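Number of protein chains: 2
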Amino acid sequence: MRGTGGFSKRGDHGLKREVAIVAVGATRFGEHWSKGLKDLAWEAGVQAVEEAGISGKDIQYIVFGNMSGGMFEGQEHVGALVADFLGLNPVPATRVEAACASGGVAFFQGYLAVASGMYDLVAVGGVEKMTDVEPGQATEILSAAMDYEWEAYFGATFPGVYALMATRYMHDYGLKPETLAKVAVKNHYHGSMNPLAHFRNRMTVEDVLSSPIVAHPLRRNDCCPVSDGAACVLLAPLDEAHKYTDTPIIVKGVAQASDTLSLLERRDICTLNATVQAAEKAFAMAKLARRDVDLVEVHDCFTIAEILALEDLGFCAKGEAFKLYEEGETYVGGRLPVNTDGGLKAGGHAVGATGVKQLVEIVKQLRGEAEGGRQVDEAEIGLAHNVGGSGATAVVTILSRR
Amino acid sequence: MRGTGGFSKRGDHGLKREVAIVAVGATRFGEHWSKGLKDLAWEAGVQAVEEAGISGKDIQYIVFGNMSGGMFEGQEHVGALVADFLGLNPVPATRVEAACASGGVAFFQGYLAVASGMYDLVAVGGVEKMTDVEPGQATEILSAAMDYEWEAYFGATFPGVYALMATRYMHDYGLKPETLAKVAVKNHYHGSMNPLAHFRNRMTVEDVLSSPIVAHPLRRNDCCPVSDGAACVLLAPLDEAHKYTDTPIIVKGVAQASDTLSLLERRDICTLNATVQAAEKAFAMAKLARRDVDLVEVHDCFTIAEILALEDLGFCAKGEAFKLYEEGETYVGGRLPVNTDGGLKAGGHAVGATGVKQLVEIVKQLRGEAEGGRQVDEAEIGLAHNVGGSGATAVVTILSRR
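These protein sequence lines are chains A and B, in that order.
Position 60 of the first sequence, counting from 1, maps to 60 under my numbering, and the rest follow consecutively.
Position 72 of the second sequence, counting from 1, maps to 72 under my numbering, and the rest follow consecutively.
Read the hints as simulated data drawn from the structure, not as lab findings.
Keep in mind that this is a model prediction, so the values were computed, not measured.
Here a beta-carbon is modelled for each residue, glycine too, at the ideal position from N, C-alpha and C.
A hint or two may mislead.
As the list claims (entries may be wrong) - Listed next, with one range per pair, are the computed distances between beta-carbon atoms: (1) 291(A) to 239(B): 36 to 44 Å; (2) 264(A) to 136(B): 30 to 38 Å; (3) 55(B) to 289(A): 28 to 36 Å.
Said to hold, decoys possible - Computed list of lysine-lysine pairs in PhoX-like fashion (alpha-carbon distance at most 25 Å, straight line): (4) 318(A) to 281(A); (5) 281(A) to 57(B); (6) 176(A) to 318(A); (7) 281(B) to 57(A).
One chain only, chain A, in its complex shape (with noise of 0.2 Å):
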């Protein structure tokens, strides 16, 4: 039944109105050497406001999802500045911050704007401008986004941290580096298909495990890229959306939550407690199972990360996951298509953006617009899951094209 997600029965608790999303634009992920965290953003923004065939004049409030431009740029007060270099003022804008999840976050707050009622059209962007620093220095920056006192300090990285998880989770599963390796296959063979992917080319098996270790198992091909880019979508009261398109992306769940920022607190390293979190509230939101769903965008930062996330999703049991990637089926065409635009791994990490990057690939399948290849038949329902650090932040979405 059309608009009763998370509305009818909640009384007071409920919100006020549902919200759709109505327009998108998105920048390549990638080395983009001649452009600034302005120009990605504009670009990214640009696409939007025409897309929906307004004027600029016409958003209300922005909020755009950015890690550190602080530490890569030094330019933080990011959500002004987007304001500024669109012209839009005096339009308030505000940037939020929960490091590789700054995109999926921006998107909560967006939501909660047009729910609430204040806002009939909001942007919510994400932008990160990685590339301006050396490639070790940004590794350093990303460190940040981890407990700085009893991980960073010690020299802690975030492919070490997940290195922990991968090597926990073979012992513990049986997971072997032919198969976690099938995962970048997987999103290089997708990246492939996406003209806005940072790495297009397909690679083998043998291509990741002859790859340089990185941080032991993981090697450079288990990681994903530093990237520049941005992403941008419109949202509206889901009965205002008619003004802007004629497919109205539905947002019907959409939660967040935390979990400890240091792998040492934690009781299970192979399990995000937010992204666990999170999906039971977006689900419970949605009024959605699993089932449901057909496809999901999944925050790889690293190869394990996609594994884990389908198990802490819900999708698979606990030490389940990789199995689909023995029998293919997170293919386009397989049973749970996951990642279809490449993922981080293959479509890019431009950290502040990627959350609302996922979004965009979403809406576009959802639509039927994914060209290349890659459209998943008749996706009705999407999801999308957006991790900050090594899981202390997770955001998960659900859409419905009705």
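Mind docking chain B on chain A? Use the hints.
Chain B only, in chain A's frame:
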């Protein structure tokens, strides 16, 4: 008429419900050599939780303002960090950033989260730990709140930018350094009565005028200090506020606006248009007039900023506000008490926390709990004004005790 501000006549665009501040907490602002980011956030948060007589687990959502944990401390992802250190996982926790307006912007987001019907108890906080870097480095980090490409890259600092405004204002309106100094003198007088103030010493006009020049015409005693500190307020729907307090403070109006980051793009550098826009909206939402306001907290990062604020907020015509200082009307007991806690100048400026600390002071005043002789008689309505950078973001909040 209670409970109608911004709600009764707005039809589909109105918010779902009214919101009240039901508890507050704040650390002293100052140099906290033995306390880190987490400790400060904990101290303010626990105060608020204890005041409300709740358990931390009752909190459903956390929004924390923080300008630059990354550059000050190597620590981004501050929202989840606060949830983690306060033992509140898996409660969703978001960091928002708008430079020195981060606290005000966090409050606006938290307000939406309650007004929307999504959450019934939300913690809004702000925290900044600024003294772990060298003093000169703090000024450099703060410059990230400017337009990096057009200002900071060329060596501009905030004292320099505000000095430009002061110079122009003096030229246009005849403000004398002796009058500008009275802003600092008044704020130190108020700060001397506030146990949470960074500076509690009183000073004379001569003390200000004999302090070293930082950026002509601004002297050291025209500039606020670099502080560590945190503040927190708890928000609930007004109709549930009695569960937590006998003296809920009602959010009558709150608005945020943006302007250019760089001064060079503005028509008049003596006007912060974001303040003008946010004030217009906040007063319209509150259905109140300037004359209804009993006290204000304004963003006096430099003495000149306090004068500009009173004009841009609409309490005086442009070029007139400094005359209030010649007449002593901004002291407690005067016509319009300004910065009764010492403001940023004496109260301190822990940048991400300041916008929330201002609200804590207003709440104490409206409850009649301001200690040390700084209580404003029969204060019913107070306004807080929080600015990011040189005015690219402004947030105006109007609170009422009935």
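- Message: Hint by hint, where does the structure go against what was stated? Just the numbers, ascending.
- Response: Every hint satisfied by this model.
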